[in-house]
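Trainee: Since the structure of chain A is provided, determine the placement of chains B and C on it from the hints.
Protein chains in written order, with the numbering used here: chain A, 30 to 392; chain B, 340 to 697; chain C, 354 to 773.
Covered by chain B, according to a simulated footprint, are these stretches of chain C (three or more residues, beta-carbon under 8 Å):
#, segment
1, 467-476
2, 545-556
3, 609-619
4, 733-743
Hints were generated in silico from the structure; no laboratory data involved.
Using N, Cα and C, we set each Cβ at its ideal position, and we do this for glycine too.
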Amino acid sequence: MATSATDAFVAFDRVQKSYDGETLVVKDLNLFIDKGEFLTMLGPSGSGKTTCLMMLAGFETATHGDILLDGRPINNIPPHKRGIGMVFQNYALFPHMTVAENLAFPLEVRGMGKADREAKVNRALDMVQMGEFGSRRPAQLSGGQQQRVALARALVFEPELVLMDEPLGALDKQLREHMQYEIKHIHERLGVTVVYVTHDQSEALTMSDRIAVFEDGRIQQLAPPADLYERPDNAFVAQFIGENNKLTGTVEAIDGSTVSVGFADGESCKALSVNNGPVGGPTLLSIRPERVQIGAEEGPNTVEAQVLELIYLGDHIRCRMRVHGNDDFIVKVPNSAGHEHLRVGETTRVAWKIEDCRALDAA
Amino acid sequence: MKLSHVMLGAASALAISTAVYAEDKITVVSWGGAYTKSQVEAYHKPWIAKTGNQIVSEDYNGGLAEIKAQVEAGNVTWDIVDVEYSDAIRGCDEGLLEEIDPSILPAGADGTPAMDDFIEGAVTDCAVSNIVWSTIFAYDTTKVSGVEGISDFFDLDKFPGKRGIRKNPKANLEMALMADGVPAAEVYDMLETDEGVDRAFAKLDTIKDSVVWWEAGAQPPQLLADGEVLMTTAYNGRIFNAAAGEGQPFEVNWDGQILDFDLWVIPKGSPNKEAAMDFLTFSTETEQLAAQASWIAYGPARKSSGALVGLYNDGKTEMAPHMPTAADNLGNALVNNFEFWADNQDELNERFAAWLAQ
Amino acid sequence: MADMTALDSGVMMAADGTPLKKKLKQALFLSRVRAFALVAPLLLFILASFIVPIVMLLWQGVHNDTYTKNMPLSAKALYEWDGQSDPTESMAEALVADLVVARDNKTIGRVATRVNREYSGTRSLFTKSARSAAKMEAPFLEALIDKDKDWADIEVWKAMKIASKSYTPAFYAAAVDMTYNADGSFERVEEQGRIYVKLFLRTFMVSLVVTLACFVLGFPVAYLLSTLPMRTSNLLMILVLLPFWTSLLVRTTAWIAMLQSQGILNNIFVAVGITSDDARFSLIYNMTGTLIAMTHILLPFMILPLYSVMRGISPSYVRAAKSLGATNWTAFWRVYFPATIPGIGAGALLVFILSIGYYITPALVGGQNGTLISNFIADHMQKTLNWSLAAALGGLLLASVLILYWIYDKVVGIDNMKLG
Numbered sequence: 030m031a032t033s034a035t036d037a038f039v040a041f042d043r044v045q046k047s048y049d050g051e052t053l054v055v056k057d058l059n060l061f062i063d064k065g066e067f068l069t070m071l072g073p074s075g076s077g078k079t080t081c082l083m084m085l086a087g088f089e090t091a092t093h094g095d096i097l098l099d100g101r102p103i104n105n106i107p108p109h110k111r112g113i114g115m116v117f118q119n120y121a122l123f124p125h126m127t128v129a130e131n132l133a134f135p136l137e138v139r140g141m142g143k144a145d146r147e148a149k150v151n152r153a154l155d156m157v158q159m160g161e162f163g164s165r166r167p168a169q170l171s172g173g174q175q176q177r178v179a180l181a182r183a184l185v186f187e188p189e190l191v192l193m194d195e196p197l198g199a200l201d202k203q204l205r206e207h208m209q210y211e212i213k214h215i216h217e218r219l220g221v222t223v224v225y226v227t228h229d230q231s232e233a234l235t236m237s238d239r240i241a242v243f244e245d246g247r248i249q250q251l252a253p254p255a256d257l258y259e260r261p262d263n264a265f266v267a268q269f270i271g272e273n274n275k276l277t278g279t280v281e282a283i284d285g286s287t288v289s290v291g292f293a294d295g296e297s298c299k300a301l302s303v304n305n306g307p308v309g310g311p312t313l314l315s316i317r318p319e320r321v322q323i324g325a326e327e328g329p330n331t332v333e334a335q336v337l338e339l340i341y342l343g344d345h346i347r348c349r350m351r352v353h354g355n356d357d358f359i360v361k362v363p364n365s366a367g368h369e370h371l372r373v374g375e376t377t378r379v380a381w382k383i384e385d386c387r388a389l390d391a392a
Numbered sequence: 340m341k342l343s344h345v346m347l348g349a350a351s352a353l354a355i356s357t358a359v360y361a362e363d364k365i366t367v368v369s370w371g372g373a374y375t376k377s378q379v380e381a382y383h384k385p386w387i388a389k390t391g392n393q394i395v396s397e398d399y400n401g402g403l404a405e406i407k408a409q410v411e412a413g414n415v416t417w418d419i420v421d422v423e424y425s426d427a428i429r430g431c432d433e434g435l436l437e438e439i440d441p442s443i444l445p446a447g448a449d450g451t452p453a454m455d456d457f458i459e460g461a462v463t464d465c466a467v468s469n470i471v472w473s474t475i476f477a478y479d480t481t482k483v484s485g486v487e488g489i490s491d492f493f494d495l496d497k498f499p500g501k502r503g504i505r506k507n508p509k510a511n512l513e514m515a516l517m518a519d520g521v522p523a524a525e526v527y528d529m530l531e532t533d534e535g536v537d538r539a540f541a542k543l544d545t546i547k548d549s550v551v552w553w554e555a556g557a558q559p560p561q562l563l564a565d566g567e568v569l570m571t572t573a574y575n576g577r578i579f580n581a582a583a584g585e586g587q588p589f590e591v592n593w594d595g596q597i598l599d600f601d602l603w604v605i606p607k608g609s610p611n612k613e614a615a616m617d618f619l620t621f622s623t624e625t626e627q628l629a630a631q632a633s634w635i636a637y638g639p640a641r642k643s644s645g646a647l648v649g650l651y652n653d654g655k656t657e658m659a660p661h662m663p664t665a666a667d668n669l670g671n672a673l674v675n676n677f678e679f680w681a682d683n684q685d686e687l688n689e690r691f692a693a694w695l696a697q
Numbered sequence: 354m355a356d357m358t359a360l361d362s363g364v365m366m367a368a369d370g371t372p373l374k375k376k377l378k379q380a381l382f383l384s385r386v387r388a389f390a391l392v393a394p395l396l397l398f399i400l401a402s403f404i405v406p407i408v409m410l411l412w413q414g415v416h417n418d419t420y421t422k423n424m425p426l427s428a429k430a431l432y433e434w435d436g437q438s439d440p441t442e443s444m445a446e447a448l449v450a451d452l453v454v455a456r457d458n459k460t461i462g463r464v465a466t467r468v469n470r471e472y473s474g475t476r477s478l479f480t481k482s483a484r485s486a487a488k489m490e491a492p493f494l495e496a497l498i499d500k501d502k503d504w505a506d507i508e509v510w511k512a513m514k515i516a517s518k519s520y521t522p523a524f525y526a527a528a529v530d531m532t533y534n535a536d537g538s539f540e541r542v543e544e545q546g547r548i549y550v551k552l553f554l555r556t557f558m559v560s561l562v563v564t565l566a567c568f569v570l571g572f573p574v575a576y577l578l579s580t581l582p583m584r585t586s587n588l589l590m591i592l593v594l595l596p597f598w599t600s601l602l603v604r605t606t607a608w609i610a611m612l613q614s615q616g617i618l619n620n621i622f623v624a625v626g627i628t629s630d631d632a633r634f635s636l637i638y639n640m641t642g643t644l645i646a647m648t649h650i651l652l653p654f655m656i657l658p659l660y661s662v663m664r665g666i667s668p669s670y671v672r673a674a675k676s677l678g679a680t681n682w683t684a685f686w687r688v689y690f691p692a693t694i695p696g697i698g699a700g701a702l703l704v705f706i707l708s709i710g711y712y713i714t715p716a717l718v719g720g721q722n723g724t725l726i727s728n729f730i731a732d733h734m735q736k737t738l739n740w741s742l743a744a745a746l747g748g749l750l751l752a753s754v755l756i757l758y759w760i761y762d763k764v765v766g767i768d769n770m771k772l773g
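Pulled out of the complex, with its shape left as it was, chain A reads as follows:
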């Protein structure tokens, strides 16, 4: 994995961006992307991820710092000379051209001959299973089809780097999931480097090699999907990726990698020390709902819990409970043979392992 600006394929080296000269939209960004990697920039709107993508594409200029492509600074290279493919949120297919003309456009401006153009266009269309649609206009295609064409157009001139700006945002859920796999497969087959921007965490988890979680103009965590989910570095990442139970408490003692945390109700529990403050400071415990056991025996992290609400969801039952004074504590009970039958109002015991309970910053 690249660790410096010179050996990475794409590098953001201490990049800053401000539009108004007063506030920074991107704050001191350092990001190194390897060749062939699928990297997703994930974050809520306004977190700076799209600005980063636009700076990489050349539509915005960095206020400070360097962006390097294959070791060369590209700050002063205009967009049309960067050779970066791009898929836009609304596809940006040229409405007055047919699908084939849209695809031929990048080849034409590169001065490619007609025969070569046609061959490449057909190959690209076949790749996205749109071979028969070459003579249609974009307006005659469905959203999914337009998406495929936009993808094919971004790839047809064989760029080494492809940027995608929320390309699936306008599709319905089912089509979106299908396209996620398709994009992933194309990426694997062609080996291009992809920088993908989305605010949808499941999309990010499905497709990426690595995910950069953006918030407030900074990368909060950069990690492969599993790490990001299992081992969030801070409260924002824990909260943003997947479902999460939060318990606020005070650090009572630190013992190596374990901390004791006391709650307002006088009880306490043990947790894995990740990002907590010193003894006496506040901390936020993060526990995934599926890592909580119900009806456990008395143990170190066992606590009384009252069932407040049950929601039947087919493969599992969502159970809302009161735990350590928190009324929004969610537990996912698998709908498997021999699971516990809970009733609203009942009191039971819940437990979790120390390593599943991460003590984070009290954001």
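Mentor: Same frame as chain A, now just chains B and C:
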């Protein structure tokens, strides 16, 4: 004129609600500017004082179009209109105007019977003349001197510079022929022939490229004042008012002047016909016609008014020499032949337009 | 669900047993009636205030019954006349009888005007003869010639024959510089009288030039406005719309002050040395003045549709083109410009059609060679009172606009037009 409509509307609504017997209120339509002002001073004010009636004054740009539209729609809102001679004749022929019984016209102040007192042709079946006006040419004396006559107006070599001319064949063709040496008495005979018309247009051709065309009577003095033209044709009263009233150094050249009448007519079906008739006879009495001459340099249509014409309202300018009808000004003068124009204006207008467009 | 769909007859039935199609029609009919009732007042208003008057006016272009209505006996006699042989006594008798009546009815002026349009110089022939018609005695033809020798001119009678046709192509012929003869033939008028064809051509040329000028001047402005932030562009838009809010009088005065030979522009030219004091440019009261003034006043009609279309063009199109390797110019020409075509089409059509019918501005600043066909229509409406010729000219103008519209629809497609 919208405002006056509104005011009239509001006033009449008020009149209906407050007074059992409303006073008569007539709408008098004329050409605006200094000319209308002279009529307001000389006719309107004394008539209002005498009868207690009211007058709404409106402006228009001549022509029969509005009268025709009102009469044919049966919705006549104009009670008395100041028109040109050819329109008075044509409107009468087409039944657009009320006939006027000449016996209602009072004798002159000196006792001359009305029909002898008015200049010949000033009273027709449907119209009574109030003034004699004239199309003349004029210039700025600070820029031009030594102008002899109408031929100089057409002489670009002698007086290089732009010329202002009314965008209309009327008066221009006559002036062109007179400038070309045709005696006034033979002008219309010549214009009856194709050769005569060709000759007139050929003369106009010699200055065509230097012409600034005007349409409203207020334009020529403005063109002179702006220095846009060196000489311009104009209505004599407008130039006089600019000179005497505003102190402009303008001079009228009476050579080749073309005299014409303005006349009062009453559109057929005027709702205030009686009051309008009364206004008509009153305003064409000797005193009123003479009084108007102290406001604008147009000649009264009654001979008996001549003796009463005095000073301009500035109190020092003698009006008589500035009248188109003054003997000194009639040396080479032409009286507009309305019949010629009634017969030929359609054709000549089109030829004029075609000539302009060439 | 047997009660809902009685399929035995093969016709789908509604719950109450009526065929489903009929039921649907009833339901739709009610909503259609309601929709019609909502637009009916406007429809009536447009019909009464716009369509009917226009049709009536255009009708006058082919129908003029002044002569037939006021001179019924003479019209009948002229109808029977072959238009070649010498006028007969019966024609003269009918004419004299009609003249007497027309004089009493005060309609002789209209008749005289009508015939005078066909043969210039005959107006007074009619009005004068009508005055003495009551005293005329047989033989009438001689009596007429005795009164005025012009009655011996067969051309006068031919003119009367043309005027006596209520339905006549004479006015449309005149509108294209042709004369319609008594024998039904057409011929071009003499060179010196040809004017309308030239004016139509000039009107189209001026409209074309004004449209082009508006496009060349308006496109960059619209582009600038569409790329600026909303607040700034709204402010600038006020400047674009300013001509709309300025009264005609103020605008014309401003043009005169700017453009006249002693005006601001010429003074600047002289001061800078572009021209000398005695060779100042003529920028007003001619074709130049008309072009400048019309471009100025019609510019907003080009800018507004362009602006609205450009606002709607997502910046991602141009970005996409650039990311695909297009230079700034290629991205503009191949991607941005085609996207603005609906706006260009709408703006150009608006400006062109408005120019064709423009008349106040050309009348004020057009001078001798800057006036357009509409000025002559207005002239015939207001001054010469030749409404039939005005109607014919107007009809031709309307027809040419409709043809243009049709061509536009065929070439660009009217669905592609975006007015804003």
